Amino acid sequence: MTPEQLTPTQEDLETLSRQLGRPVRDVVEIGARCVCGNPLVATTAPRLSNGIPFPTTYYLTHPVITAAVSRLEAAGLMTEMTARLEQDPELAERYRQAHEAYLKVRNEIGERTGTGPVPEIDGVSAGGMPTRVKCLHVLVGHSLAAGPGVNPLGDEALDAVSEWWTRDRCYCVGAWDTSSPAPSRDLSRHTKTQGLSAQELDRKRAARRAALQAERQAAAGEQEDSMEHPEEAGMPGGVVRVAAVDCGTNSIRLLIADARTENGTTRLTDVVRLMRIVRLGEGVDATGRLSDAALERTFAAADEYAGLIREHGAQRVRFVATSATRDAENRQEFTDGIRTRLGVEPEVISGDEEAALSFAGAASVLAGESGARTVVVDLGGGSTEFVLGIDGEVLAAKSTDMGCVRFTERHLVSDPPTEAEIALARGDVLDMIAQVLETVPLATADRLIGVAGTITTVSAHALKLPEYSSEAIHGTELSSGAVDHAASSLIHMSRAERAALPYMHPGRVDVIGAGALIWQTIVDRMEELTDGRVASAITSEHDILDGIALSALR
1 MTPEQLTPTQ EDLETLSRQL GRPVRDVVEI GARCVCGNPL VATTAPRLSN GIPFPTTYYL
61 THPVITAAVS RLEAAGLMTE MTARLEQDPE LAERYRQAHE AYLKVRNEIG ERTGTGPVPE
121 IDGVSAGGMP TRVKCLHVLV GHSLAAGPGV NPLGDEALDA VSEWWTRDRC YCVGAWDTSS
181 PAPSRDLSRH TKTQGLSAQE LDRKRAARRA ALQAERQAAA GEQEDSMEHP EEAGMPGGVV
241 RVAAVDCGTN SIRLLIADAR TENGTTRLTD VVRLMRIVRL GEGVDATGRL SDAALERTFA
301 AADEYAGLIR EHGAQRVRFV ATSATRDAEN RQEFTDGIRT RLGVEPEVIS GDEEAALSFA
361 GAASVLAGES GARTVVVDLG GGSTEFVLGI DGEVLAAKST DMGCVRFTER HLVSDPPTEA
421 EIALARGDVL DMIAQVLETV PLATADRLIG VAGTITTVSA HALKLPEYSS EAIHGTELSS
481 GAVDHAASSL IHMSRAERAA LPYMHPGRVD VIGAGALIWQ TIVDRMEELT DGRVASAITS
541 EHDILDGIAL SALR
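Using the UniProt record's numbering, read the sequence shown as starting at 1 and increasing by one per residue.
Do not rely on the hints blindly, as some may be mistaken.
Stated by the list, open to error - Heads up, simulated EDC-like pairs for lysine to aspartate or glutamate below, C-alpha to C-alpha not over 16 Å straight-line:
1) Lys134 / Glu90
2) Lys134 / Glu108
3) Lys464 / Glu438
4) Lys464 / Glu497
5) Lys134 / Glu86
Calculated from the structure, these hints are not laboratory results.
Computed from a predicted structure; not experimentally measured.
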């Protein structure tokens, strides 16, 4: 392409923003164009204007080809390509050369756009190069920008999408909204807005805590009345004891609760709430199988939970398994073992159902507030769910393959992590968020709620608690700056330093850095996407486990 074709115009930036459904940032060139002239690929500066190193140079933007590549990823092509790299030395060498070419061009882009050298990401490219394939969108973007013959797997993916997109045709008509104003702010730069003032946050936090305390007291009073006067409460019909088990990639958790429904509203009162770190998903990302040791740890926890469920007389039980078992080829072994121990069929749920259950549990932190569009982020070990909803109704949801265990194994392998590892991980998080935006309009949100152990631990760190306290954490609202400071601290600590923190669960010591980085990046990105409207995050101790318990009643 000529220098004129590479240089983004204001019209290009507006088109990119419409294609992505959000304001673009730090776009320095147009890497490839449609035959009609519209952008296909945005070229991003190797260092963002907020100082963050950014290794992902080429960003696929056109909705038609982006959706086509997503189909290939969903069909398992990345796993197949990675296996071929291990078996085909010639292909592996060509892929390594593509990695070197990517680095060379990125350095040249940095020089000609004034970014300069970025030593933190020296030797780090993107998309899994030079040894793996973990993002076809990056490889296809590279192939479109560099031309045929540079990236062999990007070229293969382009050939594979020919049923839906080819270079010689225009697919722009109707591919994005051209009637509404382009999402705007500073379309080419990355800027950060100020969050709520400390006084505003204090007022909101105090009001929410008062509402939560009143709700807890009311629920406790009703539970006490039902035990003293079972005939008035209508037991066992008035109160149903339910048990919920959430088996994720890193932990397995149990909630036994008494559920009481009045005037269409169901409240849960905890009887037992436990968590055991079992690392069921340990190694699944690399091997595709649940290891014997991981299954043994998980079954031991299931035996313990089965005893508690019997002891407390739960009337209804639901067992839900999520990311790790969805990915494992030997998941039947896991299913049979759980059925034998608990007497119920473990449900390996879809990402969409996982998102809906997370939203139902997390939204209870709002204590009766209504009318706002809320994004709930459930950050697990192997996956992270994004759910947009309003007043209990899920509007859109997306499950992504990023989590604290998965990203620790992929990226943050040093102790403490290197700046290059952090930069590459952050780039992957931003890529995942971009994919979420294709389904979930995050920019329309009015508030953000985070759930699960990573987020509660980051909140505990921000609050400098003397010990882990669910009551102190639940309902806490932190400014984006406070989240950023706490997460950065955890990311850069050594494992020994994390282990010494009084609120740190031993099972989170080695994975909390990756989890904190994911949460930090999400909070920061939400503030950008909403033009500063969402400048804080609420932490909820109620999550998918509570949603599972509520669903057991149905």
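Practice item. Sort out which numbered hints this structure fails and list those numbers smallest first. Key: Result: hints 1, 2, 3 break, sorted rising.
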